[in-house]
Every structure is written in structure tokens, then in C-alpha cells.
Amino acid sequence: MRNLILFLIRYNAFLVFILLEALSVYLMISNNSFHETGFMKTANNISGYVFTRYQSVMSYVHLKKENEKLVNENAYLRSLLPGAFYDDSYQVVSVSDTNKKQIYTYIPSRVIKLSTNQFNNYITINKGTLQGIKPRMAVISPDGIVGIVKQVTPHFSSIITLLHQDLEVSGRIGVEGFVGSVYWDGKDYQYAKLKEIPKQIVIKKGDKVTTSGGSIFFPENIVIGTVSSFTKETEDNFYDITIRLNTDFSTLQTVYVVNYLLQDEQQQLEPGADK
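Residue numbers for the sequence shown follow my numbering, so the first one is 1 and each next one is one higher.
Please note: incorrect hints may appear among the correct ones.
Said to hold, decoys possible - Straight-line distance between alpha carbons at most 25 Å, and here's what the computed BS3-like set of lysine-lysine pairs gives: (1) 193 - 204; (2) 193 - 232; (3) 199 - 150; (4) 113 - 134; (5) 193 - 205; (6) 187 - 113; (7) 187 - 204; (8) 187 - 134; (9) 101 - 134.
Since the hints were made in silico from the structure, they are not lab data.
Work the whole structure out from these sequences, hints included.
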């Protein structure tokens, strides 16, 4: 209280000036419609600007939470796609029983570290064994395939991306659906190669390349990329195809780890499967 009294005594002249100035402005506005209109317009502009900036700040604060909600929703929607189920149907005489069972679920994750300028590139994500992630699970992005889980800790996972010399993925191209192998040649992170596609099939620039569905990792019809260029090799019967990858590995933020519920069962029959 003593400090307040000392403050009022020290600045009494200034405070009286401010009070009189405010009273003068009030009287001027109250008795002059022109000034009142101008003041209200200015006040509205200022308050509108302040409110807009406040809303922008609050929107940014809530943006992370909204993004997490969208990522989780996308993972849920992916698990409802037809490709995430298989038709467990059988028919005996004339009686049939149909039961579609889910075979893929998706774990949304955030990329916390990545590389694209090495010959063997990895990403690190913020989910691990505590969220059900295991080695050899596939990883995709909203735009296409990413890679395969290599190592896992309770809270993190290391992913071999398609930009790695040890990873090849089965890719399907063309109306006929011919299947070849997609691999990275270590050059540009935006492009990969598709091999083992015979010359007799018709392909064109822009043709889409997708996962074949014959993998123990990736679901069918996940986009890999599109044909950027191709030539017919003279020494063999196959095309040399370059595809532009659909996933931009330099800007990866959100990925989905694919949990193939029948992977162990299928791998027991295909012990040598690695694609």
C-alpha cells in the first residue's frame, strides 16, 4: 500500500494529464458524430486485427493436436479399406459361409530423423515395441511405400527405406499387371529402377507402379511411383525402367507401420521370402 501511495504522489501530474486527456477524447466523441464514427471504425479495425492474430496463435497451438487426430483417423480408415481384409469363404454342396477377416492394421508414427544422401538410408520413428512394432514390418506414408522396420526399442524404430541397397520391393505395372522388382540405384532420392519387365508388354510414361500383393510385407496396390523413362536393353529381353517415386523421402513426417496379421503364418510356408 505504501508503494502504491508513493507511486501516485510521484506521478500525480502525469496521471491527472492522462485522466483529463481521456475525458477530453470522450467528450469530443460523445458530442461529435463524425469523430464518434471514426473512433468506432478505428477501434473495430484494431480489435479485429488483435482478435485475428489471437485466433491465428490459438490455431497454431492446437494444430499439433489436430494433426495427431487426423493421423489416427487416417490409420483407422486405412484399416477399413477392402485390401485390409480377406474373404474367408467356403462352400460345401450349396451352403456357403462368408466371413471377412481383417489382415492389416496400421500404427501411425512420426518421423524424428531421416537421411536421403547416403547409399543406405534410414529413418527413425517415435514408436517401438510398446506400441506393437516388430522388425520386418512394412512402413508406408500417405503417398506411398517407405520401407521395412529393421531395429526396434521400446520407444523407437529404425526403418530401412526404399533408398537402401538391401531393399527390393515387388512392383506391378501396366494393364497386364506384370510384376518386377523395384530397387534404388543410389543416385537421386526421387527416382528408382524397375527391372525384370519383359519388352513384349506395352508400357508408357506415366504408368503407375504399385505393390504386387505377393509380399509378406506390403499390402496390395500401395503406390510406389510412376514411369519416368524407359529403354529397351539390347543384351536381354527386359526394359530398363526409371520410375519417379511417389513418396518424397526428404519431407517425410507421418508414416504408418503395417501390421500384417498373417505374416508369421505366411512366412512359415515361404522361409526364403524377403520381398
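To see whether the hints hold, each was checked on the structure:
The suggested pairing of residue 193 with residue 204 holds, with an alpha-carbon distance near 15 Å, which does not exceed 25 Å. The hinted pair formed by residue 193 and residue 232 meets the criterion: a straight-line CA distance of about 14 Å does not exceed 25 Å. Restraint check for residue 199 and residue 150: the C-alpha separation of about 35 Å exceeds 25 Å, so the hint is violated. Using a Cα cut-off of 25 Å, the hinted pair residue 113 and residue 134 holds, with the two alpha carbons roughly 19 Å apart.
Proposed proximity of residue 193 and residue 205 is supported: the alpha carbons are some 14 Å apart, at most 25 Å. Using a Cα cut-off of 25 Å, the hinted pair residue 187 and residue 113 holds, with the two alpha carbons roughly 21 Å apart. At roughly 23 Å between alpha-carbon atoms, residue 187 and residue 204 fall within 25 Å of each other, so this suggested pair holds. Distance hint between residue 187 and residue 134 is unfulfilled; the C-alpha atoms sit about 30 Å from each other, more than 25 Å.
In summary, the hint linking residue 101 to residue 134 is supported, as the alpha carbons are separated by about 22 Å, within the 25 Å threshold.
Going through the hint list in order, the structure does not satisfy hints 3, 8.
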